[in-house]
Amino acid sequence: MNATPHADLAPESLQVAGDFPILSRPVHGRRLAYLDNGATTQKPAAVIEAEARYYRESNANIHRGVHWLSQDATELYDSARQTVRALLNAAHVDEIVFTRGTTEAINLVAQSWGQASLGAGDEILLTTMEHHSNIVPWQLLCDRTGAVLKVVPVTDAGELELDAFDELLGERTRLFAVTHVSNALGTVNPLPMLIEKAHAAGALVLVDGAQAVAHQTVDVQALGCDFYAFSGHKLYGPTGIGALYARAELLAAMPPWQGGGDMIRTVSFERSTWADAPQRFEAGTPNIAGAIGLAAAIDYVQGIGLERIAAHERALLAYATEVTGAIPGVRIIGTARHKAGILSFLVDGIHPHDLGTILDTEGVAIRAGHHCAMPLMTRFGIPGTARASLAMYNDTADIDALVTAIHKAQEMFGTRSRPS
Amino acid sequence: MSDMHGNLRELYQEVIFDHNRQPRNFHPMPEADHQADGHNPLCGDQLTVFLRIENGVIEDASFVGHGCAISTASASLMTEAIKGKPVEEVEALFRDFHALLTDVPPERDFGKLVALAGVREFPARVKCATLAWHTLHNAIAGEHDPARTE
Numbered sequence: 001m002n003a004t005p006h007a008d009l010a011p012e013s014l015q016v017a018g019d020f021p022i023l024s025r026p027v028h029g030r031r032l033a034y035l036d037n038g039a040t041t042q043k044p045a046a047v048i049e050a051e052a053r054y055y056r057e058s059n060a061n062i063h064r065g066v067h068w069l070s071q072d073a074t075e076l077y078d079s080a081r082q083t084v085r086a087l088l089n090a091a092h093v094d095e096i097v098f099t100r101g102t103t104e105a106i107n108l109v110a111q112s113w114g115q116a117s118l119g120a121g122d123e124i125l126l127t128t129m130e131h132h133s134n135i136v137p138w139q140l141l142c143d144r145t146g147a148v149l150k151v152v153p154v155t156d157a158g159e160l161e162l163d164a165f166d167e168l169l170g171e172r173t174r175l176f177a178v179t180h181v182s183n184a185l186g187t188v189n190p191l192p193m194l195i196e197k198a199h200a201a202g203a204l205v206l207v208d209g210a211q212a213v214a215h216q217t218v219d220v221q222a223l224g225c226d227f228y229a230f231s232g233h234k235l236y237g238p239t240g241i242g243a244l245y246a247r248a249e250l251l252a253a254m255p256p257w258q259g260g261g262d263m264i265r266t267v268s269f270e271r272s273t274w275a276d277a278p279q280r281f282e283a284g285t286p287n288i289a290g291a292i293g294l295a296a297a298i299d300y301v302q303g304i305g306l307e308r309i310a311a312h313e314r315a316l317l318a319y320a321t322e323v324t325g326a327i328p329g330v331r332i333i334g335t336a337r338h339k340a341g342i343l344s345f346l347v348d349g350i351h352p353h354d355l356g357t358i359l360d361t362e363g364v365a366i367r368a369g370h371h372c373a374m375p376l377m378t379r380f381g382i383p384g385t386a387r388a389s390l391a392m393y394n395d396t397a398d399i400d401a402l403v404t405a406i407h408k409a410q411e412m413f414g415t416r417s418r419p420s
Numbered sequence: 001m002s003d004m005h006g007n008l009r010e011l012y013q014e015v016i017f018d019h020n021r022q023p024r025n026f027h028p029m030p031e032a033d034h035q036a037d038g039h040n041p042l043c044g045d046q047l048t049v050f051l052r053i054e055n056g057v058i059e060d061a062s063f064v065g066h067g068c069a070i071s072t073a074s075a076s077l078m079t080e081a082i083k084g085k086p087v088e089e090v091e092a093l094f095r096d097f098h099a100l101l102t103d104v105p106p107e108r109d110f111g112k113l114v115a116l117a118g119v120r121e122f123p124a125r126v127k128c129a130t131l132a133w134h135t136l137h138n139a140i141a142g143e144h145d146p147a148r149t150e
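Chains as they are written, first to last, in the numbering used here: chain A, 1 to 420; chain B, 1 to 150.
Treat the hints with care, as some may be off.
Beta-carbon label-pair distances, calculated as ranges [to be verified]: (1) A:155 <-> B:109: 49 to 59 Å; (2) A:9 <-> B:107: 56 to 66 Å; (3) B:85 <-> A:24: 25 to 35 Å; (4) A:53 <-> B:5: 39 to 49 Å; (5) A:120 <-> B:96: 39 to 49 Å; (6) A:167 <-> B:5: 32 to 42 Å; (7) B:31 <-> A:155: 19 to 29 Å; (8) B:57 <-> A:325: 44 to 54 Å; (9) B:17 <-> A:22: 29 to 39 Å; (10) B:142 <-> A:9: 32 to 42 Å.
Computed, partial: chain B to chain A, Cβ under 10 Å [claimed, not checked]: (11) 8; (12) 26; (13) 43; (14) 72; (15) 99; (16) 117; (17) 120.
Keep in mind that the hints were calculated from the coordinates and are not lab data. In this text, all values refer to a predicted model and were calculated from it rather than measured experimentally. Backbone N, C-alpha and C define an ideal beta-carbon position, used for all residues, glycine too.
From just these sequences and the hints, can you work out the full model?
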């Protein structure tokens, strides 16, 4: 591999970092190179302002007050749902349920649809590259229903073994739950083909979109998936807010999973009746400010353009892969043909945690560890990796800072091979 | 604001690199009469501590496992520090060592263990340096559940 600088590969910056106040904050006296976007993204001023403006100007509870502020808050909240619908191109706004995030969205499907639909011997098909949040809710469901988990293995490159998928997909398969983009490897899964096959076998499909929505356009109708879950905070929005898309006829048949205010039609001590979706799945006062912040984040992202963001991150990932992979002693984990925004790697002789600490002192923020994907780490026979994950505001300066910091770590550990 | 680059040099001293590259007492011990597993689920560090205790004295100590430089070096330095010492003295040493990393350290001679004092400036790494000691504590107490640092 060519180890000279790769100026020809270097993509232009999108020049959006100035919109993110935190990015101008030095860390340990260094310019911050924030490369932990797979964990959470930073927030543009537009999102911070939208949340603050809501509390300053519109705060009230929704769906109940006759007063002016309550109507204002209700309109903002309902309009946020429309914004999410448009982001995913769902057919109808009632197909969007607000949740705390991806994890809660998946738990909702497991506890509502799963509990009502699955029985002993039914199968849930997962993949080795799932995040714990797309594993554990299904294990809990299996414990309660007697359903069993089946797992599609991955290749050494970090792609799904499609022959195994075909074999594992059987007449007992009721659900295929799969990540859109692997948070640990960056693999983009071939969803249209997978969904078509799962449907042909009579299974529903849930897609974990946590690592996808900020990095590419998502069209749930074109995909044909039955459930799609994502988190706002990985999409430049606030923490504690996310959404579940579910096809209308599925939602209509799903029982409530949490009881309380806002999710009922009538309540008596003899019998209560439930509101229609999506309210049926949003018991209690929701994260109103979060939903409004999320809508502001989506507006911001749409203003930049997801196609443009995707192209930029693709070019930056290619650059990062080239210059990081060219460092002697660096091994990239996850070399799928189709990847998005994530570079997982190991450095010979340096544990990812030591690397993470040293990089941090250079202002480079990465994640080190198992990335909540322990079965995947076991598959690769490693305890964890160092992971640089990209966002729209990253540029070649961030990647160059990463490379310089890796060199520094190798010098400290005495593992840097010098050209003789 | 403290000098992070000076702190980093304090953290990664030559003693740490030496014990990471060539951990001492790094082998299983079939004749051990006490042993325990330690696991740091957050970072995947995993180790087993083996002890041979006679008349309340740690006659032999070893470990196996994998982890970062701090946890490997700490385990290695620990096995050196505790060999030949009475169990009560070792438990007291753990308390003092923990204070060295997190609190006001008592006046005492820590020997080579002082090389780990740099961890103080890196709160996220304290658990790396204490995993072996928590595991040691469980081995002495005969705990069968893996030791954790949080």
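Original post:
Taking the least C-beta to C-beta distance, is residue 72 of chain B closer than 10 Å to chain A?
Top reply: 8 Å, holds
Original post:
Do residue 31 of chain B and residue 155 of chain A keep their Cβ atoms within the hinted range of 19 to 29 Å?
Top reply: With a Cβ separation near 44 Å, residue 31 of chain B and residue 155 of chain A fall outside 19 to 29 Å, so the hint is violated.
Original post:
Does residue 43 of chain B pass the interface hint, meaning its C-beta sits closer than 10 Å to a C-beta of chain A?
Top reply: Status holds, d = 5 Å.
Original post:
Is it true that the C-beta distance of residue 167 of chain A to residue 5 of chain B lies inside 32 to 42 Å, as the hint says?
Top reply: The hinted range 32 to 42 Å is violated for residue 167 of chain A and residue 5 of chain B, with Cβ atoms some 54 Å apart.
Original post:
Is the distance from the Cβ of residue 53 of chain A to the Cβ of residue 5 of chain B consistent with 39 to 49 Å?
Top reply: 41 Å, holds
Original post:
Is the hint on residue 26 of chain B kept, meaning its closest Cβ partner in chain A is under 10 Å away?
Top reply: Result: violated, 15 Å to nearest chain A Cβ.
Original post:
Does the Cβ distance between residue 155 of chain A and residue 109 of chain B fall inside 49 to 59 Å?
Top reply: 55 Å, holds
**OP:** State, for the Cβ atoms of residue 9 of chain A and residue 107 of chain B, whether the hinted interval 56 to 66 Å holds or is violated.
**Re:** 58 Å, holds
**OP:** Could you say whether the range 32 to 42 Å given as a hint is met by the Cβ separation of residue 142 of chain B and residue 9 of chain A?
**Re:** Given range 32 to 42 Å: violated, Cβ gap about 59 Å.
**OP:** Against chain A, run the beta carbon of residue 8 of chain B and see if the smallest gap drops under 10 Å.
**Re:** 5 Å, holds
Original post:
Given a hinted range of 29 to 39 Å, is it respected by the beta-carbon distance of residue 17 of chain B and residue 22 of chain A?
Top reply: 34 Å, holds
Subject >> Residue hint residue 117 of chain B, partner chain A, criterion CB-CB below 10 Å >> reply: Violated. Min distance 16 Å.
In this structure, the hints that do not hold are numbers 3, 5, 6, 7, 10, 12, 15, 16, 17, in rising order.
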